[in-house]
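Novice: The chain contents come next:
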Amino acid sequence: DGGITQSPKYLFRKEGQNVTLSCEQNLNHDAMYWYRQDPGQGLRLIYYSQIVNDFQKGDIAEGYSVSREKKESFPLTVTSAQKNPTAFYLCASSPQGGPTNYGYTFGSGTRLTVV
Amino acid sequence: ILNVEQSPQSLHVQEGDSTNFTCSFPSSNFYALHWYRWETAKSPEALFVMTLNGDEKKKGRISATLNTKEGYSYLYIKGSQPEDSATYLCAPHSGGGADGLTFGKGTHLIIQP
Chain X
5 DGGITQSPKY
15 LFRKEGQNVT
25 LSCEQNLNHD
35 AMYWYRQDPG
45 QGLRLIYYSQ
55 IVNDFQKGDI
65 AEGYSVSREK
75 KESFPLTVTS
85 AQKNPTAFYL
95 CASSPQGGPT
105 NYGYTFGSGT
115 RLTVV
Chain S
17 ILNVEQSPQS
27 LHVQEGDSTN
37 FTCSFPSSNF
47 YALHWYRWET
57 AKSPEALFVM
67 TLNGDEKKKG
77 RISATLNTKE
87 GYSYLYIKGS
97 QPEDSATYLC
107 APHSGGGADG
117 LTFGKGTHLI
127 IQP
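One line per chain: the protein sequences are X and S, in this order.
Counting from 1 along the first sequence, just add 4 to a position and that's the residue number in my numbering.
Counting from 1 along the second sequence, just add 16 to a position and that's the residue number in my numbering.
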C-alpha cells in the first residue's frame, strides 16, 4: 500500500542534542511538508519541498533544518537551537502542484520529547 | 500567516443527533478550502477540497458548504455515530501552488452513546 512512513513514533532526546526525524513516502508525490503541533494550537508549517534538492522555510523554521536528496525522503533535523523542541511532528505529501485537488496525505507522526 | 478560526473548539453530541461546526478564513486571495478528519492515534485524513463559492460536497453522512465571499465553511454530520468522534481541521489554501496550508486549531467532536 502506498503511504507515508514516519519513524520513530516516539523519540526522547537530551537537551542540546540534535535529532533527525524520518519521513519516507512511496506515493511518487513531488511535494513534502513538515508540520508541528503543540497543545491548543493548529498545525504549523516548518519546512516544505516542492521538488528534489529544493526546499523553503515555513512559518516556524528557526531551529530546524531539512534536506531533500531523494523524492521519497524528507528528513527533519531538530537542532539544539530550537528553543522548545518538545512537540508532535507530522509529515505530509501532495502530488505535483500542491494539495489543491486532493489534499495532503499525512504520516502518523513522531512525538519528540526533549528532557 | 492566515487567520483561521474554527468553532466551537469542542463539541459533545449524542449518538444519532446531527451537528455542524464552522471554519472562518480570510476571503481575499482564496484558492481552496480543505477539511480533514483526525482520529486519535491515526493520521489526518482528507475529507473535502472545495474551491468554488457555493460549493457543497458530500461523503456519506458528512457534508460541507463553502462561502468564499464572506470567508466561511460549514461541516455537517447527519446522524452522528461513535466513529465520527475525531478532531476536524480546516485549512484554507491561498494563492494555489505547493506552498503549504494554514490549519485552524480544529473542532474536537465527541459522540456520546
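Just so you know, these hints were derived from the structure itself, not from any lab.
Fair warning: there could be bad hints in the mix.
Computed beta-carbon distance windows for the label pairs [to be verified]:
| hint | chain 1 | residue 1 | chain 2 | residue 2 | range |
| --- | --- | --- | --- | --- | --- |
| 1 | X | Lys87 | S | Gly95 | 26 to 32 Å |
| 2 | S | Gln25 | X | Asn30 | 46 to 52 Å |
| 3 | X | Glu19 | S | Thr56 | 26 to 32 Å |
| 4 | X | Asn22 | S | Glu72 | 45 to 51 Å |
| 5 | S | Asn45 | X | Lys87 | 30 to 36 Å |
| 6 | X | Asn88 | S | Thr81 | 16 to 22 Å |
| 7 | X | Tyr106 | S | Glu72 | 15 to 21 Å |
| 8 | S | Ile126 | X | Gln60 | 36 to 42 Å |
| 9 | S | Lys73 | X | Gln45 | 37 to 43 Å |
| 10 | X | Asn88 | S | Gln30 | 35 to 41 Å |
| 11 | S | Glu61 | X | Thr90 | 21 to 27 Å |
Residues from chain S that face chain X, not an exhaustive set, calculated with beta carbons under 7 Å [stated by the list, open to error]:
| hint | residue |
| --- | --- |
| 12 | Thr56 |
| 13 | Leu68 |
| 14 | Asn69 |
| 15 | Gly70 |
| 16 | Pro98 |
| 17 | Ala114 |
| 18 | Gly116 |
| 19 | Phe119 |
| 20 | Gly120 |
| 21 | Lys121 |
For lysine-lysine, the following DSSO-like pairs were computed, each having C-alpha atoms within a straight-line distance of at most 27 Å [as the list claims (entries may be wrong)]:
| hint | chain 1 | residue 1 | chain 2 | residue 2 |
| --- | --- | --- | --- | --- |
| 22 | S | Lys75 | X | Lys13 |
| 23 | X | Lys13 | X | Lys61 |
| 24 | X | Lys18 | X | Lys61 |
| 25 | S | Lys121 | S | Lys58 |
| 26 | S | Lys85 | S | Lys73 |
| 27 | S | Lys73 | S | Lys58 |
| 28 | S | Lys58 | S | Lys75 |
| 29 | X | Lys87 | S | Lys121 |
| 30 | S | Lys121 | X | Lys61 |
| 31 | S | Lys121 | S | Lys74 |
| 32 | S | Lys74 | S | Lys94 |
| 33 | X | Lys13 | S | Lys85 |
| 34 | S | Lys58 | X | Lys75 |
Backbone N, C-alpha and C fix where the C-beta goes; we use that ideal spot for every residue, glycine too.
Novice: With reference to the structure, classify each hint as holding or not holding.
Specialist: Verification of the supplied hints:
In this structure the hint that Lys87/X and Gly95/S lie 26 to 32 Å apart at CB is violated, the actual value being about 46 Å. Between Gln25/S and Asn30/X the beta carbons are some 36 Å apart, a value that contradicts the proposed interval 46 to 52 Å. In this structure the hint that Glu19/X and Thr56/S lie 26 to 32 Å apart at CB holds, the actual value being about 29 Å. Between Asn22/X and Glu72/S the beta carbons are some 48 Å apart, a value that agrees with the proposed interval 45 to 51 Å.
At about 32 Å, the CB distance of Asn45/S to Lys87/X agrees with the hint of 30 to 36 Å. Distance hint check for Asn88/X and Thr81/S: the Cβ-Cβ separation is about 38 Å, which falls outside the suggested range of 16 to 22 Å. Our hint of 15 to 21 Å for Tyr106/X and Glu72/S holds, since their Cβ atoms are close to 19 Å apart. A C-beta distance of roughly 37 Å is found between Ile126/S and Gln60/X, which places it inside the suggested range of 36 to 42 Å.
Lys73/S and Gln45/X have their C-beta atoms about 27 Å apart, which leaves the hinted 37 to 43 Å range violated. A beta carbon spacing of about 39 Å between Asn88/X and Gln30/S agrees with the range 35 to 41 Å that was offered as a hint. For Glu61/S paired with Thr90/X, a C-beta distance near 26 Å keeps the hint of 21 to 27 Å intact. Interface hint at Thr56/S: violated, since its Cβ lies 12 Å from the closest Cβ of chain X, which is beyond the 7 Å cut-off.
A cut of 7 Å between beta carbons decides the hint on Leu68/S: the least distance to chain X is about 12 Å, and the hint is violated. The interface hint given for Asn69/S is broken, as the beta carbon of that residue sits about 16 Å from the closest beta carbon of chain X, more than 7 Å. Here the hint on Gly70/S is broken, as its CB sits about 18 Å from the closest CB of chain X, past 7 Å. Checking Pro98/S against chain X: minimum C-beta separation of about 22 Å lies over 7 Å; hint violated.
The interface hint given for Ala114/S holds, since its Cβ lies 3 Å from the closest Cβ of chain X, which is under the 7 Å cut-off. Hint on Gly116/S holds. Least Cβ distance to chain X is approximately 4 Å, under the 7 Å limit. Interface hint status for Phe119/S: upheld, as the beta-carbon distance to the closest one in chain X is roughly 4 Å, under 7 Å. Of the supplied interface hints, the one on Gly120/S holds, with its beta-carbon coming within about 5 Å of a beta-carbon of chain X, less than 7 Å.
Satisfaction of the interface hint for Lys121/S is found here, the shortest Cβ-Cβ separation to chain X being roughly 4 Å, below the 7 Å cut-off. For the proposed pair Lys75/S and Lys13/X, the alpha carbon gap of about 30 Å is over 27 Å, so the pair is violated. At roughly 24 Å between alpha-carbon atoms, Lys13/X and Lys61/X fall within 27 Å of each other, so this suggested pair holds. At most 27 Å may separate the alpha-carbon atoms for a hinted pair to count; Lys18/X and Lys61/X meet this at roughly 25 Å.
Note on Lys121/S and Lys58/S: the hinted pairing holds, with a Cα-Cα distance of about 17 Å set against a maximum of 27 Å. At most 27 Å may separate the alpha-carbon atoms for a hinted pair to count; Lys85/S and Lys73/S meet this at roughly 18 Å. A threshold of 27 Å between alpha carbons decides the hint, and for Lys73/S with Lys58/S the separation of about 24 Å falls inside it, so the pair holds. For the hint linking Lys58/S to Lys75/S, the alpha-carbon distance of about 19 Å falls within 27 Å, and the restraint holds.
Straight-line distance between C-alpha atoms of Lys87/X and Lys121/S comes to about 22 Å, which keeps the hinted pair within the 27 Å bound. Of the pairs offered as hints, the one joining Lys121/S and Lys61/X holds, with about 21 Å between alpha carbons and a cut-off of 27 Å not exceeded. About 23 Å separates the Cα atoms of Lys121/S and Lys74/S, which keeps this hinted pair within 27 Å; it holds. For the hint pairing Lys74/S with Lys94/S, the CA-to-CA distance comes to about 11 Å; that is within 27 Å, so the pair holds.
A threshold of 27 Å between alpha carbons decides the hint, and for Lys13/X with Lys85/S the separation of about 41 Å lies outside it, so the pair is violated. For the given pair, Lys58/S sits about 24 Å from Lys75/X by alpha-carbon distance, which is consistent with the 27 Å threshold.
When held up to the earlier numbered hints, the structure conflicts with 1, 2, 6, 9, 12, 13, 14, 15, 16, 22, 33 and fits the remainder.
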